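Could you build all of it, start to finish, from the sequences and the hints given here?
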Amino acid sequence: MEPEKLLQCPYDKNHQIRASRFPYHLVKCSQNNQKIARDLVTCPYNARHRIPKQEFNLHVEQCESKVAPEVYGAGEILQKGNKKLVAYQGPPSKEDWEADAEIAPAPFVFGISNKPQS
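Each residue of the sequence shown is one higher than the last, beginning at 1 in UniProt numbering.
For the record, the hints were derived by calculation from the structure and aren't laboratory data. In this text, all values refer to a predicted model and were calculated from it rather than measured experimentally. Each statement offered as a hint is correct.
Okay, derived cross-link-like pairs now, DSSO-like style, lysine-lysine, Cα gap no bigger than 27 Å in a straight line:
#	residue 1	residue 2
1	Lys66	Lys13
2	Lys66	Lys28
3	Lys28	Lys5
4	Lys28	Lys13
5	Lys35	Lys13
6	Lys53	Lys35
7	Lys66	Lys5
8	Lys66	Lys53
9	Lys53	Lys13
10	Lys28	Lys53
Below, the structure is given as structure tokens:
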């Protein structure tokens, strides 16, 4: 997204904010317009999207920020009522804490140097 592109504030239609400042403005404007903020919900795909509650389901189906679960390596799809929930499976960790513990230096103690004496 272009940082200088102007976006319209969902809380006050008179506000035109640069895209680079938009997240900060959303927080501030939601605090200043709490009555309007109660009627808006945040999109699960893009936190910059604030949608009226009654339009939420339609927006989620059509959101341009929506990414297919396969992109994130989603695991099994769970059914809960009429909703499908995707269980995210992160990539396997490449860290080996046991190996790091063997080569780790002694813990820091204030006033004591761990440097080898030469």
